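A.B. asks: Chains A and B, in that order, are what the protein sequence lines are.
Letter by letter, the first sequence follows residues 1 to 178 of this note's numbering.
Letter by letter, the second sequence follows residues 179 to 385 of this note's numbering.
The hints are simulated quantities; they were obtained by calculation from the structure and are not laboratory data.
Accuracy of the hints is not assured; some may be wrong.
[Unchecked claim] Stretch by stretch, here's where chain B covers chain A in the computed footprint (C-beta under 8 Å, at least three residues):
1) 8 to 22
2) 35 to 45
3) 55 to 69
4) 102 to 116
5) 148 to 158
Nothing here was measured: the structure is a model prediction, and the numbers come from that model.
Even glycine gets a Cβ: it sits at the ideal position worked out from N, Cα and C.
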Amino acid sequence: MKPSKIDAIGFLALVGILAGIYFGFIHTRGNDLRAVKRDVAKLTRVVLDNEGIENALKHDLADLQPVREKLSRSTGRFVDRKKIDDFLRRFMANADEMGVIVSLMKPGDAVTQSAFSHAPITMQLEGAFPGIYALLHGLETCDPLAVIERLQIRNEPGKEKCQVDLTINLYLKPESGA
Amino acid sequence: MKQVNLLPPEYAYARYFRKRLATWAAFILAAGAMVGSLGFNLSSQLHKAQAEKQRLQGRIETLKNVNDEIQGIAVEKAAIAAKLADIYRAQRKQVDATILYDLAAASNDRVFLVDVLMSIGAPPAPKPTPAPAAAVAAAEADVKPLAVLTVRGYALTNLDLTQFVSGLAKSSSLKQVNLKYGRQEVVMKLKLIAFEIECLPNIEQQP
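This is chain A alone, in the form it adopts within the complex:
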């Protein structure tokens, strides 16, 4: 069976169709596959580079918790803005108990310095040194957090009672969560 002219034309047509399929579909798909594989390799490297990051997050979260608690404990010593009057009443009662007379008590407007606000309170006291000492000791060691900003104790010769000018800063709880 000798190939005829029609066979030759048919063969050429088939080769043409196969070439068309190869370049139009298979070659393109091959290129797509190579590109996707390159992307996969790149992404795999990125994933491997960041593999420990979830452990780091767990670690960081575990570290953050005690720091948050520390801050919460510390700000727990601050006075509520609405309870400044209670603090002043308590201070007056303590002063009375120690035999100290509070002749002036002037709360100032809240001052915001860095992260927290504090209310300055200016006072004038009069009393014997032991009473004043006990009052100031109580102020510095008990809650809420009050810092003596200025303290002047004057004791005139011949007088038993001391005159005290005192400015304290009363730390205020943040209005919306520390």
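Following the hints, put chain B in place on chain A, whose structure we already have.
C.D. replies: Okay, now just chain B, sitting in the frame of chain A:
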């Protein structure tokens, strides 16, 4: 013996045509199968690779979120460290009662204090925090407000004044005790030694 082909030519042509058709059909089927399997194989590989790529992209998105969360934690830690530094700075200013106690301990009935002034100045500007992790620890250490204690009074004798000054110098709550002056003055018809002492609260020693 001579063979004679008795088949009619139409029949011979038909047989020849069927054979060629079968050959062509086999050839086309083989080529089709080859191209089809190649295409199918490529498609399935591409599909798998794309699925893997999608999975990895999802994973990277998760890792990005984790990274953002870590950044957020670092920022929160730094903010907390700054707040704690403020609180510790405030707490370390609470030294007045201890200083008054030490003043009382150093003095005796031969020394008479007329003016004790303690003023805490503005704290030093906070340094930029190097890293959130170290900042919390640094916050506890780097908080030294400026404060000066000035004491004015009278002593009966120079010896009493010296004893008072040395008592203050020994106090753990005070440092750099400096006698600014000590001179004789007449107070209520008594010859006394008037003095002024300046010193700094030893804030590092405070609890």
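A.B. asks: List, from low to high, the hint numbers that the structure doesn't satisfy.
C.D. replies: none
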